[in-house]
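The task is simple: from the sequences and hints, build the whole structure.
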Amino acid sequence: MAGLGRGGMGEGADGKKVLQQISRETGGAFFEVSKKLSIDEIYDRIQEELRNQYNLGYTSDATEAGSGFRSVKVTTKRPGLVVQARTGYYPARR
1 MAGLGRGGMG
11 EGADGKKVLQ
21 QISRETGGAF
31 FEVSKKLSID
41 EIYDRIQEEL
51 RNQYNLGYTS
61 DATEAGSGFR
71 SVKVTTKRPG
81 LVVQARTGYY
91 PARR
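Just so we're aligned: the sequence shown equals residues 1 to 94 in the working numbering.
Don't read these hints as lab results, they were simulated from the structure.
Errors might be hidden in some of the hints.
Said to hold, decoys possible - Listed next, with one range per pair, are the computed distances between beta-carbon atoms:
1. Ile46 / Thr75: 16 to 26 Å
2. Glu32 / Gly80: 42 to 52 Å
3. Gln47 / Val74: 21 to 31 Å
4. Glu48 / Thr75: 16 to 26 Å
5. Phe69 / Arg45: 44 to 54 Å
6. Pro91 / Lys36: 32 to 42 Å
7. Ser23 / Ser71: 12 to 22 Å
8. Asp44 / Tyr90: 29 to 39 Å
Note that the Cβ used here is the ideal one computed from N, Cα and C, for glycine as well.
Next comes the structure, spelled out in structure tokens:
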């Protein structure tokens, strides 16, 4: 989506699409209240997800502190599990 990125939202950006992109890029989730999905059902889903979460830590073995985006892919060997994770990160500047 043009105009989106680290710096801002861009002109004429669709709020729903922006929120979906932010949630996808940060490993989060997007829920929309509708006739099919009530606010109570959304809260139930969030509660269930929070009960079944794991946190993983990661330290890069790269010795150079570059400024580019570093991709990260998290997978599981166990079928039926859902992985929600960021697609990568920008290293801290030193």
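Evaluated hints:
In this structure the hint that Ile46 and Thr75 lie 16 to 26 Å apart at CB holds, the actual value being about 24 Å. Checked against the hint of 42 to 52 Å, the C-beta distance between Glu32 and Gly80 comes to roughly 25 Å, which is inconsistent with it. A C-beta distance of roughly 23 Å is found between Gln47 and Val74, which places it inside the suggested range of 21 to 31 Å. Under the hint 16 to 26 Å, the C-beta atoms of Glu48 and Thr75, about 22 Å apart, fit the expected range.
As the Cβ distance of Phe69 to Arg45 is approximately 30 Å, the hint placing it in 44 to 54 Å is violated. The supplied range of 32 to 42 Å is met by Pro91 and Lys36, whose beta-carbon atoms lie about 41 Å from each other. Between Ser23 and Ser71 the beta carbon distance is about 18 Å. The supplied range of 12 to 22 Å therefore holds. A C-beta distance of roughly 35 Å is found between Asp44 and Tyr90, which places it inside the suggested range of 29 to 39 Å.
When held up to the earlier numbered hints, the structure conflicts with 2 and 5 and fits the remainder.
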